[in-house]
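**Q** Given chain A, put chain B in place with the hints provided.
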Amino acid sequence: MHIPDGFIAPQMYLPLYAMAAGLWAYGARRVGRELDEATLPWLASLTAAAFALSFVALPLPGGTSAHVTGVGLLAVLFGVWHAFMAASLVYAMQALLFGDGGVTTLSLNALAMAFCGALSARAFYLAVRPLHVGLALFLAGWIALFLPALLVALALGAQPLIARDAAGTPLYFPFGWSVTLPALLIPHALLGIGEGALTLLGARLIDRLRTRYRTG
Amino acid sequence: MMLARRLFLGIALALMGPSHAHDLHSSVGTGEAVVVKLYFIDDKPFAYEAYEIFRQGESVPYQVGRSDAFGRVVFLPDRAGEWRVKAMSEDGHGVDVVLYADEAARVEVRDKPLIERYGRVVVGVALILGLFGLLNLYLRRKKPS
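For the protein sequence lines, the chains are A and B, in the order given. For the first sequence, my numbering begins at 93 and goes up steadily by one. For the second sequence, my numbering begins at 5 and goes up steadily by one.
Excised from the complex, chain A in its bound form (with noise of 0.2 Å):
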């Protein structure tokens, strides 16, 4: 899901680089004038195993292949700003210094899998949690990889209409929704259980480290 460059068109990723700058400085603040000293060194455990997370690849169905992202736990354990802010930090520096991801499409990268995965899997936490703890887990993690996977596929499909050449040929990404969508969302969807059994397992055993070292 991390989009490299020459996939969207100017025309998108700019008022998204707008958009995530604002989110970018207010979530800024706000983990500045959250953060403690006893979260912090979750935190920062937590980010840099999303960071290695990335590179453990889950064959799916169709030869092709995934891996999960941890956002969904960084937000069910740490709430939307520092888990936004965390996850931009990891795809910055995978596209800045690893190449993993465009530097273009940085804004799409982070706004659809950090800002709204961490946004939906935090809603999906508060709203079930009520019913069933483990269920409200397992769904935070589903839902911070199935929705970014949905946002991606719209956005990648967008392409064709928003740039294309005088003879009508699309400029970058070339494939419409009727290809982007199923491409993305049926593995995603699959995958999703493998990222909603990490987020429901991790924030078990990271509730019981805290509680052993009564720390954050």
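Read the hints as simulated data drawn from the structure, not as lab findings. Everything numeric in this text was worked out from a predicted model, so none of it was measured. Please note that a few of the clues may not be correct.
Which stretches of chain A does chain B cover? Using the computed rule of at least three CB atoms under 8 Å from a CB of chain B, they are [stated by the list, open to error]: (1) 96 to 109; (2) 176 to 186; (3) 273 to 280; (4) 286 to 297.
Note that CB positions come from ideal geometry on N, CA and C, so glycine has one too.
**A** Below, chain B alone, put in the same frame as chain A:
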């Protein structure tokens, strides 16, 4: 009768030229090609996916096709300069890379060694922990004693 024969011969000769245009010939040779290997982080090949190759400054592709079973894109540059290789799958995976061919139209492409790829995980994790360490120092200084 003579006239009919001449007419037939004339028509047959006239049709020989256009009919040649439909004959497809082939010649087989060897040459030095550029092989661009596309693969995911777990070494799974980016196989059977669409690609386009552009010469420098041109918008009409020099070559189009699909990567082979091993995720390879093979082409023969015919001039020096930039060569853009754009490959993409329907789910948004892909690359958009620019290669530089020299005067002999040769491009050096190397596989990334494993240490480089796995080293990225170590470097990335270390950078993240380092950044949070700096943030910790900032928080301690900000906190009134």
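**Q** With reference to the structure, classify each hint as holding or not holding.
**A** For each hint, the structure was consulted:
Counting residues of the region 96 to 109 of chain A whose C-beta lies closer than 8 Å to any C-beta of chain B gives 4; at least three are required, and the coverage claim holds. As drawn, the region 176 to 186 of chain A meets chain B at 4 residues by the rule of a beta-carbon pair under 8 Å; at three or more, the given contact holds. Chain B is given as covering the region 273 to 280 of chain A, and this holds because 3 residues of the stretch bring a CB closer than 8 Å to a CB of that chain, at least three being needed. Coverage of a stretch by a chain is defined here by at least three residues with a beta carbon nearer than 8 Å to that chain's beta carbons; for the region 286 to 297 of chain A and chain B the count is 0, and the condition is violated.
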